[in-house]
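Undergrad: If you want the building blocks of each chain, they are given just below.
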Amino acid sequence: MADRETQRAAVIAAVERVADRMTAEKTYLTELDSAIGDADHGANMARGFEAVREKIADADADADPGDLVKTVGVTLISEVGGASGPLYGGSIMSASTELADGITAESSVAFAEAYLAKVKDRGGAELGAKTMVDALTPAVHTYKKSIETDDLPPLEALAKAVDAAERGVNYTVPLRAQKGRASYLGWRSVGHQDPGATSTLFIMEELLATAEEYLDGDVDLEQDATSPTSPDDAEESAAEGDDDDTADDDTADDDTGGD
Amino acid sequence: MVGLVVVSHSAKAAEGIAEVAAQMGSADAEIVPAGGTPDGGIGTSADRIREAIESADAGDGVVVLVDLGSAVMNAELAIEMLDAEDSDVEVEIADAPILEGTLNAAVTAAGSKATVESVVASAEDAWDYRKLN
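Residue numbers (the UniProt record's numbering), protein chains in the order written: chain G, 1 to 259; chain L, 1 to 133.
Incorrect hints may have been included.
Stated by the list, open to error - A few chain L residues that face chain G, going by a derived Cβ cut-off under 7 Å, partial list only:
no. : residue
1   : Thr37
2   : Gly41
3   : Ala46
4   : Met73
5   : Ser112
Keep in mind the hints are simulated off the structure, nothing from the lab.
These numbers were taken from a predicted model, which means no experiment stands behind them.
Don't be surprised by glycine CBs; every beta carbon is placed ideally from N, CA and C.
Using the sequences provided together with the hints, build the complete structure.
TA: Pasting the structure below:
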């Protein structure tokens, strides 16, 4: 099944990219967290995603793409200390059920919404509390609208979602933290960028980069596929790869508020 | 007897609180500390909390005492994991200050008529204690 193989490959590629990025940004994320938190966000995210990288490498070659995404969540729960474990990992795990029938434009929107709902529920944070929710909410809403209302291709929708997440990250700077360790600082949290919103953006950027790579044909998975490559097939398969990434995106949220 | 699980970001703090609570006279309740991350760092772990809940349960349920943010989230996640496994352990998280709440809970939990509800209520009564007059 070409589509399923493409989705699997995209999920694995996204994990690789996110793990590389978290390791590269470890110091930066920790600096952000040392200003208003407990200075462990970079280390936690890097350790968590390096563990995910290993786990995915060992995953059953026949695993469904949705199962791989679930593995990402379960691994983060076990490996990440701090709030990122339950927020990122628990939410990815629970939203991964939306991908049971594969990663499509439709299921990636469902995943994104389920992920956001779980993050908000678990962390008890609403928009404006200076948490990952401030990056994630505009991103998910933009993605959904782009797909469902504006009928954009998933890659474009994801690019718009990343832009929305970036604005969300900037929006956290002047806010006073109301959740997590930062809330203990009160007004002293004002003027600092939220680490969880930032790592959420980084993950989304890597999902977009993965989508671009697959959709632009740098990696031609169609060649490995057993199905013929008609223009329609290619388009469809590309769209699915995208979605994949998106799904991960959403998945990737993090440590917003908790400590 | 209702079991207790003490969840703190520090393994030492969780052990210390369990130790202080266990000294409470007649309180021979099962008090299981679940602090820190699996690698010994500062943080909390859903897996570790889930194991502690299973170990604390003697049949009448378990009350979980927590410190900050992720302790609450990981305790909730641990309970969801138990539910997903069709566990029949009755578990509640007490909304209480962790040290005073654990002391109160330990006294109540050791009683023969203790229930999860009565232990949670007694842990939450700890909010009323003042340290200075």
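Undergrad: Please name the hints from earlier in the document that this structure breaks, with their numbers sorted from lowest to highest.
TA: 5
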